[in-house]
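S.K.: Sequence:
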Amino acid sequence: MAQADIILYTNHRCPFAHRAHITLAELGLSYKEEIIDLDTPRTPEYLKINPRGLVPSISYNGEIITESAIVAQFLADTYPSDFLPASSDGALTRARINFFTDAWSSKVQSHIFKLTYSAGGEEVVKDATASIVKEIEPLLSNAAPFFNGSSTLTFAEAIVAPFVIRFFTLSKHGLVSASFLSALEKEAPNFYKWAQAVNKHPSVLSIYDEDVIVDGTKKRIAKLKAQAHLRSRGAQTTSECNPLNQTDCDPNPAFGTTHRWNFSSTPSADLWETIVGDVPYDEEHGAIFSVKKQGDSPTIRTNFYFFFGRTELHMKAAPGKGIISSMMWLSDDLDEVDWELLGANDTHASTNYYGKGVEDFTQAGWHYMKDGMQEDYHNYTTTWTKDQLNWYIDGEVVRTLNYADAKAGEAYPQTPMRLSIGIWAAGDPTMPEGTREWAGGDTEYDKGPYSMYVKSVLVEDASTGKEYVYGDKSGSYESIEIVKGNSTAYENLHKKPEEADKTTGEKWEALPTSTKTAVYGGGVAAAAVGISALAFYWLRQRRAGASEAKAAEVAEQERTDLMSYRAGEDTTNQGHEYSAARWQKLST
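Sequential numbering from 1 applies to the sequence shown in the UniProt record's numbering.
Just so you know, the hints here were simulated from the structure itself, not pulled from any lab data. Model, not experiment: these values are computed from the prediction. You may find that some hints are simply not true.
To be verified - Think about it this way: if two alpha-carbon atoms lie no more than 16 Å apart in a straight line, the pair counts; the simulated EDC-like pairs of lysine to aspartate or glutamate are:
| no. | residue 1 | residue 2 |
| --- | --- | --- |
| 1 | Lys455 | Glu284 |
| 2 | Lys407 | Asp376 |
| 3 | Lys455 | Asp387 |
| 4 | Lys466 | Asp250 |
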């Protein structure tokens, strides 16, 4: 068949893009190449091609195809060969290849990432080795030298080889423990022999530059370690009692309700605490978080926890190189959900998540904001159920994380959270070089102060109860026990003032006679004013911004969805009977 017009959007450092290169080489296809810079936020032009901003993507006669395995399979199906036999001719071979690649992706690959990007030491080596021995070694018993006895590369190698060659390379340079390869040679001889053949193949080596991979990995590790330092210093990502390690941790005080705070005045100290620095509140700006000098990192945090639900912040990010405006959810077992807005980058918001404190820094997302983040207030909303996390900007969803996509739920945030809001200088000269580079450069304190403003915050707890208790050390949402009753936060917010206890008649009788007369006389005038006010309100609402309307629409839909979880299958709110098991029941 005729050669199609193929454009490959790629970066040679990326193992996922490497899959497309191997496939194109094995199929003998020519293509144009466009390199996407992975060290900077994606351009609006590329985000139109791939809204996720990832590589690879291909344009095939003008049709866009994304996701590495899908790209590779599309090309292989379009040009059938021994690389991946056509379905009718090689169904069994395809099934074996698909099983192999699925085993790698679902059972092994997360362990391979941890070898380089986590601090687990020999325990990580042990887990990675065990996963290959159990899942992959038996499938390579007839490799000769490639999968299923093939003398040429197959689709199986195209999907897996980019990761195999990298951990062999990184081990040679001390970036992956040498004990890992030693263990593989001893415990997985089929895999080890197969890997040696794969790593020498011309299609695998076609765009592979060892120096580039090693240098890029070193820089990334430095950045990630610096970010870990930043998180622990700036965001206080620690836990006094981690339920993954102990069974006697105090219960988490539940929120158990929904409330929006207008930060024109200081919120109740019963519900919020200032854990670092000073945060003033005023009518014009709301809460003001400022870096005025070296060492400033003002941060506030809720005194309560929510277990699934929603938060919504109306905020204006701070400008300035090295300045980070942030919102973070954090649980006692170190599940985490983040927004991070870099002062050096006014056009892209960053989102991230972590499960159980595992420092896997491969999950960050960048989201283009055409109007910028620093000149006006924007609505940053995050919604959370046991099945899905969604991040919204001004009512538009910019990222979705499904439970199953977070390492089969292992890395999915799923335990009761507290909300923290703060600002700090990641570009401080005392920070590691990697942190300062990630944050856009050294902070110029003489050009400050740098201020982030938060006008309002909404927190909605999808659960209703008094406290949340970890039932075991699993860190699973199913282990969370919800203690019945009204929470302290609920009682605080719904407390009736003394005056509110009086009936309308009692309040009227308590008024002076002169006041009653004035009320009678002012009735007609008040009615006229009321009509004018309603007209003004109507006109004002007509002029409300589209982003606010969209945000309100999304908020209402999310509120309805969350309330349906609370209420269950009947029409009354039985939230006090809510349990994690009930969530599971409702989802089936």
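S.K.: Does each hint fit the structure? Answer for all of them.
M.R.: Tested hints:
1. A distance of roughly 8 Å separates the Cα atoms of Lys455 and Glu284; the hinted pair therefore holds under the 16 Å criterion.
2. About 37 Å separates the Cα atoms of Lys407 and Asp376, which puts this hinted pair outside 16 Å; it is violated.
3. A distance of roughly 30 Å separates the Cα atoms of Lys455 and Asp387; the hinted pair therefore is violated under the 16 Å criterion.
4. With a CA separation close to 13 Å, the supplied pair Lys466 and Asp250 stays within the 16 Å bound.
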